[in-house]
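From just these sequences and the hints, can you work out the full model?
These protein sequence lines are chains A and B, in that order. End of the first sequence = 180 in the working numbering, gap-free, step of one. End of the second sequence = 180 in the working numbering, gap-free, step of one.
Among the hints, erroneous ones may be present.
Copies of one chain are not kept apart here, so a pair can be met inside one copy or by any two copies together.
[Unchecked claim] Each computed EDC-like pair below joins lysine to aspartate or glutamate, with the alpha-carbon atoms no more than 16 Å apart:
1. Lys-112 with Asp-149
2. Lys-79 with Glu-180
3. Lys-161 with Glu-124
4. Lys-2 with Glu-92
5. Lys-37 with Glu-96
6. Lys-97 with Asp-29
7. Lys-125 with Asp-65
Honestly, the hints are just simulated from the structure, not real lab data. If you're wondering where the values come from, they're calculated on a predicted model, not measured in any experiment.
There are 2 protein chains.
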Amino acid sequence: MKTNHTKFVIMGILTTNCRSGYQIKQFIDQSLNHFWKLSYGQIYPTLKQIVEEGLATVQYASQEDKPDKKEYFLTEKGKEAFYAWLEKPLEEIPVEKNNVLLKIFFSRHQSKAKTIEHLSYYKEKLQERYVTYESIEWMISSGLSELPDAQYWLFTLDYGKRVTKAAMEWCEATANKLKE
Amino acid sequence: MKTNHTKFVIMGILTTNCRSGYQIKQFIDQSLNHFWKLSYGQIYPTLKQIVEEGLATVQYASQEDKPDKKEYFLTEKGKEAFYAWLEKPLEEIPVEKNNVLLKIFFSRHQSKAKTIEHLSYYKEKLQERYVTYESIEWMISSGLSELPDAQYWLFTLDYGKRVTKAAMEWCEATANKLKE
DNA sequence: TAAACCATGTAATCAGTTACATGATTGC
DNA sequence: GCAATCATGTAACTGATTACATGGTTTA
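Next comes the structure, spelled out in structure tokens:
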């Protein structure tokens, strides 16, 4: 039932102009980082697999100022597979694994001061995250790079901001309840 | 760096009055389900390990109306280890792996109608989740069972509700932007 | 007697991270 | 010559799910 999305994420990134494993990693770290991560240990073997399945082709590209690299291009079959994945109904919707809530859940066994400390740390981290989203948002919407995907990328950032803001407000509200 | 929380979740549940592997599973499915999951394949081996490390003891309990079971009790050492984990600073805060955002991110390659369809499906699922939270909240705060942890459990539900609501609003707003 | 639930466990598999290994190129 | 960055890859390990295996008890 549960589909592994790794292959499709990589194929999706190939539809932007990222073509090598190294570039894909950079792209993910900069853009998808708030809702998806991939390591080299996944990227390179998956690229290999994608080629084996005839979903992409490789070309060796020599660069003047940098080491050589491999460039991957989706085949027609690859594009079709990607579109099919995209349109496929969602079924499983995500469940966040939240270690902060885990500790809050059991916080009866701890001083209120300590719990408030955890909450304020969490809020701080969320605040940093929020600022990051804002700066990425600003970069995209400044339109310097004329991105065809811009609108959709902004949607995901908007999601990140809304959810992060809600979480921050919860931190605040919960800490206040504990201070009463 | 990254600590595995599985052991501590189970130890935490042992501080409530869940004592067997089966009960622990039930407890998680009912209470922690919105931010933590565990399978039997984790629970039973971990319980074994907890005993081996001297963090808990086992007792065989025969029941009249049900099959026999094993009951686990935290030792002093176990309690101390649990409290230490609880108070330990958070460091890594969670990053949600969100397959819905993944599809939205690449939705340039798809009709707006299809994207709106995904959004409305997601919203529907979030709505169901929200209702579930409300019903659990109601159960806890009705106070029928006089739970010592009640306050903290309600905090985590409040988090779930706030974040889910924010996500639902995003679905609505994003679908509207696409309809313009 | 079959279905539903209570109860415990293991083995195979899958997904993902981390550490390791290698090497080119550039700029200080 | 060294650090930083670009670039590709693998092997070992960890975490977690799933499928399988077993069997007791209750109720319809």
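Hints, one by one, checked against the model:
1. Proximity of Lys-112 and Asp-149 under a CA criterion of 16 Å is satisfied inter-copy only: 13 Å between copies versus 46 Å inside one chain copy.
2. Taking the closest pair of Cα atoms, Lys-79 and Glu-180 never come within 16 Å of each other, the shortest separation being 58 Å inside a single copy and 28 Å across copies.
3. Taking the shortest Cα distances, Lys-161 and Glu-124 sit within 16 Å of each other inside one copy (14 Å), while across copies they are farther apart (21 Å).
4. For a Cα distance limit of 16 Å, the shortest separation of Lys-2 from Glu-92 inside one copy, 8 Å, qualifies, whereas the shortest one across copies, 27 Å, does not.
5. In this assembly of identical chains, the alpha carbons of Lys-37 and Glu-96 lie at most 16 Å apart whether taken from the same copy (14 Å) or from different copies (10 Å).
6. When the C-alpha separation of Lys-97 and Asp-29 is checked against a cutoff of 16 Å, the pair qualifies only between copies, where the shortest distance is 14 Å, while the shortest distance within a copy is 20 Å.
7. Neither within a single protomer nor between protomers do Lys-125 and Asp-65 lie at most 16 Å apart by alpha-carbon distance, with minima of 38 Å and 50 Å respectively.
Violated hints for the displayed structure, listed by number in ascending order: 2 and 7.
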